[in-house]
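Heads up: the sequence lines are chains A and B, in that order. Be aware that the first sequence starts at 1, since it is given in this note's numbering, and climbs by one per residue. Be aware that the second sequence starts at 1, since it is given in this note's numbering, and climbs by one per residue.
These are computed hints drawn from the structure, not numbers from a lab. Note that CB positions come from ideal geometry on N, CA and C, so glycine has one too. One thing to keep in mind: the hints can contain errors.
Derived pair list, reagent style DSS-like, types lysine-lysine, alpha-carbon separation capped at 30 Å [to be verified]:
1. A:53 - B:226
2. A:100 - B:222
3. B:216 - A:53
Some residues of chain A that are not near chain B, with every Cβ distance over 12 Å (derived) [as the list claims (entries may be wrong)]:
4. 205
5. 306
6. 320
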Amino acid sequence: MKHKTFFWFMLPTCIAMVLFIAIPIVSIFVQSLFIEHQKPTIEIEICDPFGCKKEVGVDIEAYAALNEEQPLGRFNGLETYIDRNHLAFKELYEGWSNSKNFREFSSTFFNLPFYKALTFTLTYTLFVTPFVICLGFILALSINALTLKIKGPTIFATILPMIVTPLMGSLVLFWMIDAEGIIGSTIQDLFNDPYLSLKASTTLTWITLITYGIWHHAPFAFIVFYAALQTVPQEPIEAAIIDGADRIQRIRYVVIPHLLPVAVFIALISMMDNIRVFEPILGFSAEASAQSFSWLIYNDLRNIEVMNFGSAAATSILTIIMVGILLTPVLIKTWREFGETR
Amino acid sequence: MKMLSKITLTATLMFLLGQTTYAACGNTSGSINILANDFPALRTYTATAKDCAGAGADFKVNHTSEHSNLAMAALSANPAEYSARIGANSSIVPLMNEGLIRPMDDLVAKHGKGLQKSQLITIDGKVMAVAFMANTQHLYYREDILNELGIPVPKTYEEVVAAAEKMRSSGKLLNPYAAAYKAGWNLGEEFVNMFLGHGGEFFKPGSAKPNINNAKGIATLKMLKKLAGYSNPDFLTHDSEAIKVEWESGKVGLMTLWASRSGTLLDDEGDPGITAATKLAAPATVGGGSIPAATLWWDGFTLATNRSDKDAEDSFKVLVHAATSKKMANDAADQAVWLVEGFTPGPKSVGVLAAAKMGAKPYPMLPHMSLMHGALGTEIVDFLQGKESAQQALADVEAAYIGKAKEKGFL
Numbered sequence: 001m002k003h004k005t006f007f008w009f010m011l012p013t014c015i016a017m018v019l020f021i022a023i024p025i026v027s028i029f030v031q032s033l034f035i036e037h038q039k040p041t042i043e044i045e046i047c048d049p050f051g052c053k054k055e056v057g058v059d060i061e062a063y064a065a066l067n068e069e070q071p072l073g074r075f076n077g078l079e080t081y082i083d084r085n086h087l088a089f090k091e092l093y094e095g096w097s098n099s100k101n102f103r104e105f106s107s108t109f110f111n112l113p114f115y116k117a118l119t120f121t122l123t124y125t126l127f128v129t130p131f132v133i134c135l136g137f138i139l140a141l142s143i144n145a146l147t148l149k150i151k152g153p154t155i156f157a158t159i160l161p162m163i164v165t166p167l168m169g170s171l172v173l174f175w176m177i178d179a180e181g182i183i184g185s186t187i188q189d190l191f192n193d194p195y196l197s198l199k200a201s202t203t204l205t206w207i208t209l210i211t212y213g214i215w216h217h218a219p220f221a222f223i224v225f226y227a228a229l230q231t232v233p234q235e236p237i238e239a240a241i242i243d244g245a246d247r248i249q250r251i252r253y254v255v256i257p258h259l260l261p262v263a264v265f266i267a268l269i270s271m272m273d274n275i276r277v278f279e280p281i282l283g284f285s286a287e288a289s290a291q292s293f294s295w296l297i298y299n300d301l302r303n304i305e306v307m308n309f310g311s312a313a314a315t316s317i318l319t320i321i322m323v324g325i326l327l328t329p330v331l332i333k334t335w336r337e338f339g340e341t342r
Numbered sequence: 001m002k003m004l005s006k007i008t009l010t011a012t013l014m015f016l017l018g019q020t021t022y023a024a025c026g027n028t029s030g031s032i033n034i035l036a037n038d039f040p041a042l043r044t045y046t047a048t049a050k051d052c053a054g055a056g057a058d059f060k061v062n063h064t065s066e067h068s069n070l071a072m073a074a075l076s077a078n079p080a081e082y083s084a085r086i087g088a089n090s091s092i093v094p095l096m097n098e099g100l101i102r103p104m105d106d107l108v109a110k111h112g113k114g115l116q117k118s119q120l121i122t123i124d125g126k127v128m129a130v131a132f133m134a135n136t137q138h139l140y141y142r143e144d145i146l147n148e149l150g151i152p153v154p155k156t157y158e159e160v161v162a163a164a165e166k167m168r169s170s171g172k173l174l175n176p177y178a179a180a181y182k183a184g185w186n187l188g189e190e191f192v193n194m195f196l197g198h199g200g201e202f203f204k205p206g207s208a209k210p211n212i213n214n215a216k217g218i219a220t221l222k223m224l225k226k227l228a229g230y231s232n233p234d235f236l237t238h239d240s241e242a243i244k245v246e247w248e249s250g251k252v253g254l255m256t257l258w259a260s261r262s263g264t265l266l267d268d269e270g271d272p273g274i275t276a277a278t279k280l281a282a283p284a285t286v287g288g289g290s291i292p293a294a295t296l297w298w299d300g301f302t303l304a305t306n307r308s309d310k311d312a313e314d315s316f317k318v319l320v321h322a323a324t325s326k327k328m329a330n331d332a333a334d335q336a337v338w339l340v341e342g343f344t345p346g347p348k349s350v351g352v353l354a355a356a357k358m359g360a361k362p363y364p365m366l367p368h369m370s371l372m373h374g375a376l377g378t379e380i381v382d383f384l385q386g387k388e389s390a391q392q393a394l395a396d397v398e399a400a401y402i403g404k405a406k407e408k409g410f411l
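Just chain B, with the same shape it has in the complex (with noise of 0.2 Å):
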């Protein structure tokens, strides 16, 4: 709700006032080495900052889908092998704890004159990151597909497994669904998405302990499986790249995927039927709850403190460039919701806003979570291929995580 009148707040303003105002760029020397991940939002956010970047600087950029993995080793070296990195919710929390990332009020104070206030990402009253765009998970739907069946576009998760059975039992569609069910990573955030969909806390409260064995953990395992069940056989296998191509083959009615890939799904590339007939939902709620099951992410910097303060303060300069670009984002205004001021939602931005106006929770910024979000993304596979019951599986993920988070002092 907050995000959708901030934006909206900020684009009447825009409207009122007609004007625009560049941030004045850095036009630094020095090096500047960014790690992030891939996708096209970030590419275009990272092209935005080496234009800013001057003709002396050093200007890197390491883009890879392995980012999360690199991220703790490469800032612990000193000097660190990235002055800056782009992370998201789960990532800065554990690089504080162990004091990788730096404050940056002080360049905040000097050099974010463009930013808003919604996009500095503070803890305990610290600046520890500056957010860009926003994120979520929601449905995508084949217009003509719905039509020619008669279904309305599934608003819950129950509508979306009635709408997959009546695909498949027409024989449209042998395997109506997708989402980027891969062992790992991926499966645990369908996994998170559905549980908070459910109404469920992953932890007990102020505590460490797990909380997900319980009748909301069960019944988020159970419509994950029915979900499955229309899904390709190989989901297991099947990332958010994977499940891409599956769709712009035309063999999918109804997706759960990410909304800043919704850009390369309606480009110009592919089947331009498939790609008209394409349209964007806004995330399901699942089991009669009024949130959706998805759950809400930023993009943002951040500052590696094992580098020295010219080249945090080149890094902060060009990446702040980009993070109050208006140019940029509405330029690539079908790339990303950008929560840069001045940026005026377009039709693709539908997924993102629904999300926040329907009250979907932040991804949860906790240090043991990625240890939780680990154990479901291994846990959990045995139960979706029908080798133990749910309350088997979840009994292992709680054990595998209590292990993990013992070793590292949480619980």
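Next comes chain A alone, as it looks inside the complex (with noise of 0.2 Å):
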């Protein structure tokens, strides 16, 4: 392609990559250097159906007039990164300091919110991909050897997870695993212990949040498998049957070698969204038992009317830094298989 011919096209999804992608992370970074003024306090008396009461206040005119001179609010550098509610450095160091082995020390470190969502986050990240990827093929596999006539129901009703909106998903199994509901109150009977909680152990709410992920990506690396099923050369089959390969071994010196591009493609795709975890979260209501970066800048705007603005600003960055680390190994593969191939 030439380059004019090769820049012209490009050129919209650049735009739209630079209003839309970079122009924001970079006001993100912007605001989650600065916090807000120091809000001038008076007394004032506030006056409610149940009484007067004199309460503090901020004094609004003066504040309006700090804001004013200064919109951003006060320059406070990196502290936000490192304070208690990101990473910490401080309290890590005290933990690190004052505790007597390093079980006193994992306690202080998975108490600070900050590493408790990077523990789950990386769990969540580190089961749901492989699973989604050895689930998927298995899937576009079989579904690959069934009769013409059964395929397209199949496919349909494989992909089924993967339409449903994650929260709707998340809902309707939410209420199921309830104590009350059919999954919960049968777990319950099968072990005989009327307390057994799928949603009040960590641990549990762990694997039902995994499982569901599991659940909700399959279908997406199935449907890209599948794909690639339909490219695979017949010929090197045809010849590996010829001489006595059986169905295992075409797979495994066949057809996986065939597929293992796309398999870095899914890893690559798979792994940024379960970063991202969230709706899950929400959708099973388990914020008590398990947190992921996503969920933290939830959480920073939702004070009841009060946000957070700059530490939610300084956790998306940090969530971003985090994608970075975690795709390197994958993109340096892809990289030097881009090259192996030129």
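Two chains, two frames, some hints: make the complex.
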């Protein structure tokens, strides 16, 4: 392709990327460096149906004047990034020097919101991604082997979990696993323990969320693998059959190597999706046991009317960095493969 | 005390005078957009306001339980998305600090004839909101179960625990207690109630420094955990709606729930046996205190700054019409404790009236309270799950609060 053609071809995409991705990221970063002005307080008298009371209030005029002068607020540098609600360096250091053993330190570590979220987000990503790839692959192979007649309906049924809105899907499951719900009460009966609850225990909540994640994402892997399977050349497979290879061997030595780049692509996309896990946590009301980066951002923005934009912005930037770190190995691999094919 | 006497007084006056005066309806045109929470009393209120709006008026209401998370952004826009917002104690101060709601003294003088003085929420003498109903959380009990087991109606949370234990050990109910403990706002609210019941103060006097990591805070957490022990194991995922359903399925004998939800518990839907045995009681006290472990709330409307004066006036007219509608208050007497002149409190108002009489504190109208509330809702979860000590949980709350308050410039 000529360079000029390429340029005009890519221009709309590039403009959209700058407008909707690059500029917002820069603006978020700038926001994360600032905190609000110290609010000048005065005593105010509040009267409501239950009586009058003197309370601490904000001197609105003085505060508005401060904002007029410096609309962004006070410059805080990277302080927001390292405070207790984010990277918490000070708390980690204190925890490290004050704890006698690793166990004590780990309780400090897992008590900090950012690291709590980090643990869940990583666990979720590292479990869901491989399972999604394996399950999607197995589904694609099995459905590919079906007769033409039932293939269509089966494919439709298989991709249903992906079509269902995540919030809906998780809500339906949430009601089913409630202690009064069909799955929840069956499990209680099975284990003969009336206090057993999938939603009360952290481990069981995590397992539920991960299972849901696999259920929801597997169809994506399936559909990509299924499409790729149609491109597997027939000659090497026929040759393998003549050489006496059984089905497993044909898959192992012919199909899998052919599909490997596709698998890398799925891994990449599904990791990016999984790091941003959010809807299932809301749908399952799991915030008590499982918190992800996205949930932290959401939580900063909903303290009843008051929004901590700076804190949410800092978490967003940290999420972007996390995604970058996690994707680096996959990206390097893709880059190398790209180089080799050249 | 004050409110009860006010209500009795007006009721008596109404009886003596035996007359009804309806506020003249505004019959407005223009565009009226309202943001409100979603429960039956508010729906009745906005429906009454709608009847008053003329045919030419563009009247829209958004009832959503997410109202408080929408309000700040929606009112910041210019022109604002909503001309009026129906909020409560907690919501007015943050909006006012950002200059997003307007004082309405002039409108009150012009159109607010039927309003009582107690309905006007004034901050430093300026009317910032008009209240129309009061709310609180109080006890509900199953009369049949209490009678069968010979338990008197609990007056303190210690008695609630004893009663719950009796219900469980008798084998009658597995998880006899319910309250909205859903992690987040609901759980934070339970702590606020219990902490005030213990006589706690959330902040050091005259400042925004947290003051919860003390004996009162620990006692509060211990009581919450004891109660949680008698609740459905999924308690951290249950909000008011979920425990209402639990109650209606007959699996709960004692419950702490909003007064404004009593209407849906006592309606014709569901098992008539359970409905008949559902009784309301005063909010319980705790730890030998005399004031109930509950907060008093008012619901009222505010007007957006970033809307035209005409929209504000039109919205004010219809909302004041509803806030002074004796007909609405008495037709929907079972839905809320209306602060409307001429309202005769019915049997379903018993919780709120008792709370006011016992001296329950109103929910603190402090600009930094919502940050404290948010921190409580997420940080005490670990304690309730048995993962950390009460001291650690309270220290976490304070640390999380300080981080947020510093960013917002309160500390």
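For each hint, the structure was consulted:
{"no.": "1", "hint": "A:53 - B:226", "verdict": "33 Å, violated"}
{"no.": "2", "hint": "A:100 - B:222", "verdict": "28 Å, holds"}
{"no.": "3", "hint": "B:216 - A:53", "verdict": "23 Å, holds"}
{"no.": "4", "hint": "205", "verdict": "9 Å, violated"}
{"no.": "5", "hint": "306", "verdict": "5 Å, violated"}
{"no.": "6", "hint": "320", "verdict": "20 Å, holds"}
Checked against the numbered hints given earlier, the structure breaks hints 1, 4 and 5 and satisfies all the rest.
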